[in-house]
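Starting from the known structure of chain U, arrange chains E and L on it as the hints suggest.
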Amino acid sequence: MSRGVTPGQWLGRIVAGAVVAFFVLFFIVPIVWLLLASTKSARDLIENPPFSLGSLGSLAANFQSLVDFQNGALLSWLGNSTLYSVGALILTLLVSIPAGYALALIEFKGRRPLLMITLVVMLIPNTALVLPIFLELSAVHLIGNALAVILPFSFFPFGVYLTYIYFSTSIPADLLAAARIDGASEFRVFRQIALPLATPVVALVGFFNFVQNWNNYFLPFLMVPGRGSPVQVGLAELLSTVPAFNPTAIGVVSIQLPALALATVISIAPVLIIFLFSQRFLVEGMTAGGTKE
Amino acid sequence: MAPQHSSSRTLRRTAISIVSLASIAALTACSSGAGGGGTSDKYGFPAVEQDAKATIEVWVDTAREPAAQAFQSANPDIPIKITTYDGGANGSGTFQTKISLLDQSGEGWPDVVWSTQQNDSSWASQEQSGQQAFAAVLNKGLVSQDVLDGFAEGALSPATVDGNVYGLRNDLAQDVVWYDQSLFDQFGYTVPTTWEEYQEIGEKVAKEHPGYIVGSVGDPWAPEVFFWGAKAPINEVTGVDTVKVDTSDEHTKKMAALIDDLISAGSMFQDSVFGADFVTKYTGKVLMLPGPSWYSGAIFQNPDNLNAAAGTIGAGLPLAWDGEDPVAGNVGGGIWYVSSHSKNLEAAAKFAEFVTTSDDYQVELAPGYPAYSTAAEAWLEKQASSGYFVGNFTENMITAASQVWDGWGYPAFSQEAIWAKAITPELASGTSLVSLLPAWQTAIENEAQVNGYTVSK
Amino acid sequence: MTVTSTLATAAAADLSQGRQRVARRKSVTSSQSRMGYIFVSGYTLLLLAFGVLPTLYALVLSFTKDGAFVGIDNFVRVFKDFRFFPAVGHVALFLVFWLVSLVVFVVLLALIVHAIKVRWISSGIRFFYYIPGALAGASSVMLWLFVLDPSVSPVAFILEAFGFESFVQTISPDNLPVIFTVIAFWTGAGGWIVVMYGALNNISNDILEAARIDGAGPVQTAIQIQLPLLRKWISYMGIMSLAAGTQLFVEPRMLSQASQAVVPGDYSINQLAYLFAFKQNDFSGSAAISIILLVVALGLSAFFVVRGGLFERD
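Chains as they are written, first to last, in my numbering: chain U, 541 to 833; chain E, 22 to 478; chain L, 14 to 327.
Keep in mind the hints are simulated off the structure, nothing from the lab. A hint or two may mislead.
[Said to hold, decoys possible] Listed next, with one range per pair, are the computed distances between beta-carbon atoms:
no., chain 1, residue 1, chain 2, residue 2, range
1, E, Thr104, L, Ser43, 49 to 59 Å
2, E, Gly412, U, Ile813, 54 to 64 Å
3, U, Arg767, E, Gly412, 44 to 54 Å
4, U, His681, L, Arg47, 50 to 60 Å
5, U, Leu687, E, Val69, 49 to 59 Å
6, L, Val191, E, Glu271, 40 to 50 Å
7, U, His681, E, Lys274, 52 to 62 Å
8, U, Arg767, L, Leu106, 49 to 59 Å
9, E, Asp170, U, Ile813, 53 to 63 Å
[Claimed, not checked] Footprint (simulated), chain U over chain L, 3 or more residues, beta carbon under 8 Å:
no., stretch
10, 56 to 69
11, 81 to 88
12, 103 to 112
13, 116 to 128
14, 138 to 150
15, 154 to 161
16, 278 to 292
The C-beta atom is built at its ideal place from N, Cα and C for all residues, glycine as well.
Next up, chain U with everything else stripped away, as it sits in the complex (with noise of 0.2 Å):
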């Protein structure tokens, strides 16, 4: 069967990397700056061009100044957000993947209720729950504890709606009930049919998990303020002693906006390169897994 390409469908696919390349562009152009600034003094980046490159001097001393701020906070922050975010990470993949499993597989009483709670409690503002959460925890004397935002970070309805669907429309219910007439037990069925093909929805819902964990500022903020402040917390007070928000602060703490940059940088490397290496689990999807039929 001749496969020649039509002047039309090259037509088509020249529109298609165009739009394609655009939205490159539009992604991709905020963060080169926000590269190039780093590298640069308070100095150059407000007189040298967008795209200028700064140097290697001011790079270090960029570095430096951040590695100063407050003799070393940002590494106990970037500690203190990994141990969050991870430690959430765990316990929402233990209590999400078999919640979603069940939503989607089993029939058992409450489940549509289930569901909608989970909607309702998804929609309300998180304004409303800071409160009664910073409430309960306070009541069992948990504040400043690392469990104060481990313990909420793993609540993950998002996750567990995403697991619902996956399994829902990937898993054909011909081989659970093939499954089960055999006799197996609803967790083997689990084990042995569901989790092997589940490898794209636990990579998903892992990984938005912990980019959540690792960007939420607010309830850490409230919870564990001070040394066990995560990352963003502790850009925010790097934001406030930056002199163009706080003309206070200059002639005691040296933090630049390219410092700042830097700061930024460093924040979200972890998540980048997380990604970069999860990319392949997060879009695999049911082609492996097998519906025929």
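What follows is chains E and L alone, placed relative to chain U:
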């Protein structure tokens, strides 16, 4: 759904609601009124049982961490825990947010808190959520009257409500008229002493030497420089919940007209002095710049800002309207608060005293003009000894500090935010300030009302 | 008989376009449903602790003041606040721009990127699309401070083309809905493109191959095969974006910090809720605002739930 399940369903539903209501009741019970146990009234307010060995927790921002560390070295036997936060910079409201939540939960307050904002006393001096006011009263026994008298006149007024002093002022930010002597010599002008003269120079320099500026209104604190210094009665706090606002007053109108005039002449800058444009366009071209005392380090001696040459910049006295007395505005000056819930009030008060009055911190390390008079004199001497500033730098700074007008109060809402929201975008698109005065009046009134104030003219 | 009927349903569901409500008689074994409860137990505990109880607390709070029941007083006070209706207008406008651009462009880009057969180009592009998603609120403040300032911005030519000469002009109130849409899209689209791409991968190649053999071009395949099978995912994206949109908070707060309050701190409804709670110490009013937002979001998402068949299982 199948009918045979309905009864067990209803039962389950009822059970769930009972459990939830019970938990909510428990939560509400936990949160209200847990701050009991008030015993002594030694200091003029109910204090909890004191423990002279209890660790005091101090909240500072990064720039004030040296203060806490200086205290630590000078008082190694007092256990202290230093926690950093943003200090309320850029209107974040962190202090109030956190105390609101702590008041609800009834425990966990810090012992000393630093704040860069001057209007925290408006809420910290009031009861909320069933708890007593967070800020401890200082002038009823906690801090000696001698120490309180040692502050510059009016320095403690942002922290004073109804005659009670709730905090100690760290630094002053009195407005002076910064000027470039070298440019004045070059152009043959004289430094003004009245607003009228200031306006004349602004018009003259725009005609004879375009490209030079005499001031900036692009920052949110522009009203605190120009309108406070013009005696405009738009921020007068007449009671705990009453304010007086009148943008149609003569002083307000005259200042608005002055600003409009200089903007259209081209000698009034409309962007932030910390923005990119200011540095690139006006390095070496700032003839005058009315502004707070901390411009000294933030703008003139700052290599990333104007970086003015030594021996050119002077601090001029605040301006007066012709025939009236000069008054100065004020832009900033942080306050240290002691918590009324503290278990170690003596140590906490000692800390607050140390950081505001001792030379160890205020003279050696502090970047701003100290509010405590003796520390201020020593600080000024140190600045003057470098020979950077010309003219009567020291005397003018001291005089300006004493001239801060008391007609402006410190209400719970922020004049800076109102100016930024209602005026700045309009000014930027060319609307005249005089025509914006009624809108400004409405904006201030609205904001005051939602913050619980009654507005009078 | 049960097996055959479920087999038939599965096959039909895979290929059908419309919604098919097949009445099934399933025997629910008690051991199955017991395992069901065990599986959801962990999540349910967390749901109660951090979802249900706080929501009920907020609900109770919105009808009380200082512990006493006050009916709809709090809601009236909120409606009368001079900032409330402007905020509603801001959010409504933003929501329209945001929802339309997100749904349209995310699906479009996912479809196009999915059609790229060269693996490394495809993953590279998805990575680039995702990068801004890693930037959270505080980190981006300085980024937008510069990007929106025509004198230093890397996209200055675009800003100048619109006639903006200064930062303050760019962030004037009329432009804000568009600016926030751009910012929210910039950070949010990448993640959804990844999700949609994965969803597209779930469509078995056999179906696509069959369509190609039948002579369907890429656009036809997209419209007639891929889009219908993406229905649940698109409606989920719709609901989540709706929730995120009505709760607009991070972007205006960020710009408010960058502009030193020229973009006001009461731009969006959620910001207003925050101010009520933490600036005016009016937790009841704040809860009232949140309940209003919840009701609106629920109403709007009912649309997506019904049209997208979110609660059904094929």
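For each hint, the structure was consulted:
Separated by about 54 Å at the C-beta atoms, E:Thr104 and L:Ser43 satisfy the suggested range of 49 to 59 Å. One distance hint, 54 to 64 Å for the beta-carbon pair E:Gly412 and U:Ile813, holds here, with the actual separation near 57 Å. About 46 Å separates the C-beta atoms of U:Arg767 and E:Gly412, a value consistent with the hinted range of 44 to 54 Å. Between U:His681 and L:Arg47 the CB atoms are about 35 Å apart, so this pair departs from the stated range of 50 to 60 Å.
At about 28 Å, the CB distance of U:Leu687 to E:Val69 disagrees with the hint of 49 to 59 Å. Hint check: L:Val191 to E:Glu271, Cβ distance near 42 Å, so the stated range 40 to 50 Å holds. Distance hint for U:His681 and E:Lys274: a CB-CB separation of about 58 Å, consistent with the stated range 52 to 62 Å. Range check, U:Arg767 to L:Leu106: about 42 Å between beta-carbon atoms, so the 49 to 59 Å window is missed.
In this structure, E:Asp170 and U:Ile813 meet the distance hint of 53 to 63 Å, their C-beta atoms being roughly 60 Å apart. Given as covered by chain U, the stretch 56 to 69 of chain L passes the check, having 11 residues with a CB less than 8 Å from a CB of that chain where 3 are the minimum. Interface restraint, the stretch 81 to 88 of chain L with chain U: violated (0 residues with C-beta to C-beta distance below 8 Å; minimum three). Counting residues of the stretch 103 to 112 of chain L whose CB falls under 8 Å from any CB of chain U gives 0; the rule of at least 3 is not met.
Note: the stretch 116 to 128 of chain L has 6 residues with beta-carbon separation from chain U under 8 Å; the three-residue rule is met and the coverage holds. Residues of the stretch 138 to 150 of chain L lying with their CB closer than 8 Å to a CB of chain U number 13, which satisfies the three-residue condition for coverage. Restraint check on the stretch 154 to 161 of chain L versus chain U: 6 residues with Cβ-Cβ distances below 8 Å, three needed, restraint holds. Restraint check on the stretch 278 to 292 of chain L versus chain U: 4 residues with Cβ-Cβ distances below 8 Å, three needed, restraint holds.
Of the hints listed earlier, those the structure fails to meet are numbers 4, 5, 8, 11 and 12, in rising order.
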